[in-house]
Amino acid sequence: MTRTSVKTLTLPAVSRFDRWLETTFRFTRQRPLGAVGAAIIGIMIAAAVLAGFVALYDPLATDYATMLQAPSSFHWFGTDSFGRDVLTRIIYGSRTALWIGFASSFLGATLGALIGVTSAYFGGKIDLVLQRFMDLLLSFPLIILALVVVSLLGSGMTNVIFAITVPMVPRCALVLRSSALTLREMPFVEAARALGFGPTRIILRHMLPNVMAPYLIMLTAFLGQAILLEASLSFLGLGVAEPQAAWGLMLRGAAVDFAERHQPLGLCFQSSRRLFTRCFGSEAAGVMIPIQSRL
Amino acid sequence: MIPTLLGVAALVFFLLRVVPGDIVELKYAGAGVYAPKEALARERAQLGLDQPLWRQFAVWIGGFTRLDFGTSMWTGRPITYEIGIRLELSIELALMATFIAILISVPLGTLAAVKQDTWIDYFVRIFSIAGLAIPSFWLGIVIILAFVIYFRWLPPLTFTSFWVDPKANLSQLIWPALAVGYRYSAVATRMTRSTVLEVLREDYIRTARAKGLWERAVLIRHALKNALLPVITVIGLEFAFLVGGLVVTEQVFNLNGIGKLFVEAISQRDYTMVQSLVVLTSFVFIFVNFLVDLINACLDPRIRYQ
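Protein chains in written order, with the numbering used here: chain A, 52 to 346; chain B, 14 to 319.
Bear in mind the hints are in silico, worked out from the structure with no lab data behind them. Take the hints with a grain of salt, since some may be wrong.
Facing chain B, according to a computed beta carbon distance under 8 Å, are these residues of chain A, among others [what the hints assert, rightly or not]:
#	residue
1	L193
2	I194
3	L203
Taking lysine to any residue and the SDA-like style, the derived pairs with C-alpha atoms no more than 20 Å apart in a straight line are [unchecked claim]:
#	chain 1	residue 1	chain 2	residue 2
4	B	K50	B	R68
5	B	K273	A	L287
6	A	K176	B	T17
7	B	K273	A	S206
8	B	K273	A	K176
9	B	K128	B	V231
10	A	K176	B	P16
Ranges of calculated distance between the beta carbons of each label pair, as one might list FRET restraints [stated by the list, open to error]:
#	chain 1	residue 1	chain 2	residue 2	range
11	A	A245	B	G76	51 to 59 Å
12	B	F160	A	T271	34 to 42 Å
13	A	P238	B	P16	35 to 43 Å
14	B	A52	A	I268	50 to 58 Å
15	B	C311	A	T74	47 to 55 Å
16	A	R235	B	V155	29 to 37 Å
Glycine is no exception: its CB is placed at the ideal position from the N, C-alpha and C atoms.
Next up, chain A with everything else stripped away, as it sits in the complex (with noise of 0.2 Å):
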């Protein structure tokens, strides 16, 4: 009696994680350009996790003897003009970038999901009103209507959020109205409504949860797109401010330091190749934002 029961506890186990190992790999080989996706996006999220124990030095901590170095064995990717290295400034850049992108993804796609299935419930003249605001926004370029909202907020980490949410309301609404607008016609929303429940519940309860493949779709669609809007902003100027680490910022910072070094000198070319080497540090921060913004 024992016997069995311990193998049918174990034989399970051992087996699952074989499963999984083959699923993976089945996985791998169907799909290589997910897998590689799968793979990136993993070490992204344990980097900007575990920041504190991957990185070496403190992203914060300048040091005045080592301004500008090279790459080495200490500073992997350099340091930039406060001594500050670069690869732990990466590190903890992707906290940003994925804090950021999830935050203001996750509320611009649930925003816009509830502005959009509300309009699909009741038609009519809301549906016509929000419907035209909507399009109002939309008819702004992405970057401006961010632009206009950290000039109204400020700057900062949480203004940033919002402004980047702000122009994917209207798109996500977009989406998911149409995809609501065939559920107002289902029969089981019909039956909600002859058993005597409000909006709120029917819209809520009832068709929310029917929107949620375009949902995620919009969601991860749009996450890739936060991550480049932050990295813009903040290589504007006008998202993240500057002690923290960010993408943007680090980029930015490069290509400053790249034009006072040489406009005034007249081109001078004899520092070039150790300039160019300390700009390909904070160019590893360019490649990654890529990777990162294709989930």
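Model the placement of chain B on the given structure of chain A, informed by the hints.
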């Protein structure tokens, strides 16, 4: 079209009035002089900022109907002049970027569809995903760095009109156009690939092949013509955003275009300028939408607009 423009105008007008800090204070703060309250009030009255909001709005919209866009509150020059000197650069850059995007995306997308699931297809897909993901400002910085370091050459820093000196003009604008065009080709490439794939499975393609038509004729005359409609829509919509949305690229390449003017005007609280720019970009957006509809109707006789 006109109600949308009016809505955009009203939205941006009231949004700007909510932003803290006004242009008069910023002007004096920038000059670093102490200004008594009366001077500030006088300045505001001169700009018409002491009027009630609805009146300011009415005056501004009234000017629009007479094609009078007013003067920039910051520089005092007419807005048509300020925008005019930058519009040529922005439009040219947008046109070049779109042209490059088409040149990259249509052949590559078609190639990927024809050679589906071979290494060519994989290469094209990776190439286009990279374009989607790489920020154009990073690509811009890399292009500039490569030129400075390996060729010891820098694109000219001041804008010369194409009609004055085409060579100088192109040698300045081709690089930002490449950086932006590559990025914008990504979506179009993927779109072309998937629509061509879809069309190639149609019956009339099989018929064309069965009657022994030359493969190139099948592809170009039968497949591409039908596959390109959604691609044109995508490219058209992107063109509209290129005119006003190249804020970051213009910063990287130090170009004095509409995007840069936008950022400056917002940070200076130059109300009239921001309002006019927003209306301008929305107008371009709506107009290009209209053009895209027209082109689609031309290419596909089944599409009819009432």
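Taking the hints in turn, this is what the structure says about them:
1. L193: L193 (chain A) check passes; min Cβ-Cβ to chain B is 7 Å, inside 8 Å.
2. I194: Hint holds; I194 (chain A) Cβ to chain B Cβ min 5 Å, cut 8 Å.
3. L203: holds (5 Å)
4. B:K50 / B:R68: Cα-Cα ~23 Å, so violated.
5. B:K273 / A:L287: holds (10 Å)
6. A:K176 / B:T17: holds (17 Å)
7. B:K273 / A:S206: holds (19 Å)
8. B:K273 / A:K176: Given pair K273 (chain B), K176 (chain A) is violated - Cα atoms ~39 Å apart, limit 20 Å.
9. B:K128 / B:V231: holds (15 Å)
10. A:K176 / B:P16: holds (17 Å)
11. A:A245 / B:G76: 51 to 59 Å: Given a distance of about 55 Å, which is inside 51 to 59 Å, the answer is holds.
12. B:F160 / A:T271: 34 to 42 Å: holds (37 Å)
13. A:P238 / B:P16: 35 to 43 Å: holds (37 Å)
14. B:A52 / A:I268: 50 to 58 Å: holds (56 Å)
15. B:C311 / A:T74: 47 to 55 Å: holds (50 Å)
16. A:R235 / B:V155: 29 to 37 Å: violated (50 Å)
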